[in-house]
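Using the sequences and the accompanying hints, generate a full structural model.
Chains A and B are the protein sequences, given in the same order. To convert, take the position in the first sequence, counting from 1, and add 683; that gives my numbering. To convert, take the position in the second sequence, counting from 1, and add 683; that gives my numbering.
Please note that a few of the clues may not be correct.
Claimed, not checked - Here are the computed distance ranges between Cβ atoms for each label pair:
no. : chain 1 : residue 1 : chain 2 : residue 2 : range
1   : B       : PRO825    : A       : ARG1214   : 31 to 39 Å
2   : B       : GLN753    : A       : ALA944    : 42 to 50 Å
3   : B       : THR911    : A       : GLU722    : 29 to 37 Å
4   : B       : ASP1038   : A       : ALA819    : 35 to 43 Å
5   : A       : ALA944    : B       : SER1036   : 24 to 32 Å
As the list claims (entries may be wrong) - Covered stretches of chain B (in silico footprint by chain A; criterion: 3 or more residues with CB under 8 Å from a CB of chain A, positions within the stretch not fixed):
no. : segment
6   : 796-810
7   : 820-829
8   : 893-900
9   : 944-950
10  : 1125-1134
11  : 1142-1149
12  : 1187-1198
The set of hints was computed from the structure by calculation and includes no laboratory data. Beta carbons: idealized from backbone N, C-alpha and C, even for Gly.
There are 2 protein chains.
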Amino acid sequence: MSDLPRTRPTGAMVIGTRPVTGTGEEIRSVDPRTGQPIEPGYPAASADQADRACELAREASTAYRTTTPQRRAAFLDRIADLLDTERDALVERAHTETALPRPRLTGEVGRTSAQLRLFAAELRAGVWQGARIDPAQPDRRPLPRADIRQRRTAIGPVVVFGASNFPLAFSTAGGDTASALAAGCPVIVKAHQAHLGTAELVARVVSRAAAETGMPEGVFSQLVGSGTELGTRLVSDPRVRAIGFTGSRSGGLAIAAAAAARPVPIPVYAEMSSINPVLLLPGALKARGAELGAAFAASLTLGAGQFCTNPGLVLAVAGPGLDAFTAAATEAVAADPGATMLTPAIARHYAASGDALAGLDGVEETGRGGEGDGAACGRARLLTVDGRRFAGDPALQTEVFGATSLIVRCADLDELTTVLGVLEGQLTATVHADDADLPLAGRLLPLLEELAGRVLFNGWPTGVEVGHAMVHGGPFPATTDPRGTSVGTLAIERFLRPVAYQDVPDALLPDELRDGNPLGVWRRLDGAPSRAPLADER
Amino acid sequence: MSDLPRTRPTGAMVIGTRPVTGTGEEIRSVDPRTGQPIEPGYPAASADQADRACELAREASTAYRTTTPQRRAAFLDRIADLLDTERDALVERAHTETALPRPRLTGEVGRTSAQLRLFAAELRAGVWQGARIDPAQPDRRPLPRADIRQRRTAIGPVVVFGASNFPLAFSTAGGDTASALAAGCPVIVKAHQAHLGTAELVARVVSRAAAETGMPEGVFSQLVGSGTELGTRLVSDPRVRAIGFTGSRSGGLAIAAAAAARPVPIPVYAEMSSINPVLLLPGALKARGAELGAAFAASLTLGAGQFCTNPGLVLAVAGPGLDAFTAAATEAVAADPGATMLTPAIARHYAASGDALAGLDGVEETGRGGEGDGAACGRARLLTVDGRRFAGDPALQTEVFGATSLIVRCADLDELTTVLGVLEGQLTATVHADDADLPLAGRLLPLLEELAGRVLFNGWPTGVEVGHAMVHGGPFPATTDPRGTSVGTLAIERFLRPVAYQDVPDALLPDELRDGNPLGVWRRLDGAPSRAPLADER
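As structure tokens, then:
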């Protein structure tokens, strides 16, 4: 890759870690402030080019799967180091393409490299393999027991769809890619049209890191093209074994439908749609309604509201506390100047879907922010509706991607519980509770943990911590598969499958299952966790 | 349930742990020896009755999910104890319905109760929760870190389809039911038509155990009906959250298709079709070809070949060793008297699919067993084909459920590797290897672990050990989801989803996440496994 300028996008894709220019129709990202296309253009991948990326991924699959966790960790660490080195160029390009503020983007580079290093550390920690050993019992009656061992290994090539709202942390080298590469799966990224240049710069970093750490060609490719054509082609390809996606409900459902039409089913991890209900319990509302209203508005308008975990729904019992909350939130929203959204298309969709929600029966607008300026400005918006009406109209649950939220005023706690019961699956459910509210919170908690992937108290759902315990997932339509998370180290499990080894000679076993435990991994010996070597050598 | 005779089937289903007689068309199991229907008849579930079972499961879902693991363990142990108590009646009824030998069925009752006790022990071991705690870091810069904790919890009501070939261990209280109940999911069983009386007796045991251990009504139901009508209805019901199935490829694909048509996708764990390749490497074949042939035939004809892991394919390089293997296997197959299969329909399908395989281009029959007698007898059958032809015709991979196997004679090791490369996904892949074969075995192993859920050396795939390390699963078409296993304690993970708790007060957290770790479960504290309580109380 040394023949390419490191910091200037060229319009190329990456196929098998080499720069390749597409031969299809040219597409461009758009500056959301001006609506003008940004140079360079990116010719889309042809069918042959997509096929080539899939074939290289298939060819690399076994070699990459069987690299040691230590070598994959070095690969991830190297990507992280190079991202940090290229930080300024990445921030500049992403700022041009997304209009996200430079400090936010600087933080996002750090989040992306930290995430890669976390997966590298996870690879070295020796837990992810899920190693299990049931030693032989040659003297068991009536039949002897064979020696059986189990570990998880990579599922095969993964296609990752870059997300519009995190040009770094959920795109080319973001969480899906990091977890799939950690698992030992080759990755093919479909770059998001909103930030093609950023995607190219990051893809080049991944390529360089792959070459420098001796990874097989085909471990990483990035293609450019439309979701309908290239996306469907990749999801349908028999060599592809899993999908990671973050985006709209319609996009996720289209991918799930394409996957369902495959002769061979594969896991689809689509993180799609969530309105992230916030419950304000009576004690908290009474004690600090206005304070909560201001804090809520800050979470709502953060990043122009363009977060999967944006608080799009507030549930509370009507009364003075909720009035104070609403007044404070309305005031803060009215003071918001408006912000440029990620793309003109997203801004148009935001305005239209907000208008549709505001136009539904019983919905009133309590506040609206400034219009801002530029081609893609989003105005913050606060709506209210009563609980009975909300419970009766599923359309009121439609996600408006951006800084719009709906306050549901319930007549009493029974109505609030009824509203909870009709909600679709969510990424998060938030409770604001004072000590006096805890008995009620305790009764609601079982409902909330069935509703969402993450339940939080006295905070705001935006700001997803990357760690071991995070779950960024949840029941449909938050995702297509509630068994996974797309943030945190548990994300690696989405791309693994278990394999058992019966009476396989020690010399042939994967390292994590050998008697001597050379990697020092955690294993369940007859069910009991241990890092010890096997006492009796076979 | 005390008003019912314990050991005599009455024709009833179980809905919400109560005996209920269906109101649909009556169906009966058939004595496979005589082809005659067995009393009593079982009227099928009406749409209303199926709806009632689903509604009760939904109603029980939260209460059952939030029982302590210790209480669920007591429930499973009680089922096991009652099954052992009722053993003789179960064996007699199952013998009448399936023609499986009494000693085999006696063993299967023991396997079923041992499996329930293993899951009870797993619930007490405190690993399955996957608990993780990332403690708060209030002083972190630039932003403090919240306290985030994670555990897995039940996914919701599960529908289990009983299997024909294990009337106890894979049916009403078999592996799918045991793992789903352990996870905290209510279960609705669709009884298999081949052994309705056995299914009723076992369902009654589960009901009694549920009542005696104070489980909520709706934790268990069993319905009778056709796969097309009742099966599709249950798979499509919005209250059902996961499916467990063991059976034919056509049955599994029909269920997967019905599930794919749901608005809300759910996990489908269908264990369907596998021909379980056995590789005979040159050294082993040379040293003990005849011995291997006799042992292979014993595995092939065990239980009339009616095992998911039946060795339906043998791969080896042609030569004197393979000739000796084939001769010995042919002799043993010819000496097999034939055996009554599970149902007349299965016997008819066995004969027809065997004839279809034998009729394919290039296939030769080397041996055939006796015709046996009775309405549903299956004759063992040994076929051969050369490797080049096998690699060119996918139809040669069709599973023949029963004691038929195809020996693929490869010209050389390259051709054997080519054949391996075209195989569909499998439950098992077996290698027979002597010391001199180990380098070759080592080169093949990565292919085998991508091909199958279990790789075994110098044994036979029949006889699936129930333990912590077993994987009974594998890539499609062995199953619809290679991330799961339907045997062994890992099976519980199929019915769990992760939930994160952010800054939730200790008193409200699930026990496994509380600071003091009252259940003594294994948890990852900032990533490191530990059973210790949290050092610093919040």
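We went through each hint and held it up to the structure:
1. Take PRO825 of chain B and ARG1214 of chain A: their Cβ atoms lie about 35 Å apart, and the range 31 to 39 Å holds.
2. Restraint check, GLN753 of chain B to ALA944 of chain A: a C-beta distance of roughly 45 Å satisfies the suggested window 42 to 50 Å.
3. Taking the beta carbon of each, THR911 of chain B and GLU722 of chain A are about 59 Å apart, not inside 29 to 37 Å as hinted.
4. Judged by the Cβ atoms, the range 35 to 43 Å given for ASP1038 of chain B and ALA819 of chain A holds: they are separated by roughly 41 Å.
5. For ALA944 of chain A paired with SER1036 of chain B, a C-beta distance near 27 Å keeps the hint of 24 to 32 Å intact.
6. Taking a C-beta to C-beta cut-off of 8 Å, the segment 796-810 of chain B contributes 4 residues in contact with chain A, enough for the three needed, and the coverage statement holds.
7. Restraint check on the segment 820-829 of chain B versus chain A: 3 residues with Cβ-Cβ distances below 8 Å, three needed, restraint holds.
8. Given a C-beta distance limit of less than 8 Å, the hint that chain A covers the segment 893-900 of chain B is violated, as 0 residues qualify and 3 are needed.
9. With 3 residues having a beta carbon nearer than 8 Å to a beta carbon of chain A, the segment 944-950 of chain B meets the requirement of three or more and the stated coverage holds.
10. Closer than 8 Å: that is the beta-carbon criterion, and the segment 1125-1134 of chain B has 6 residues meeting it against chain A, so the requirement of 3 holds.
11. With 3 residues having a beta carbon nearer than 8 Å to a beta carbon of chain A, the segment 1142-1149 of chain B meets the requirement of three or more and the stated coverage holds.
12. Given a C-beta distance limit of less than 8 Å, the hint that chain A covers the segment 1187-1198 of chain B holds, as 4 residues qualify and 3 suffice.
Taken one by one, the earlier hints fail for this structure at numbers 3, 8, listed in ascending order.
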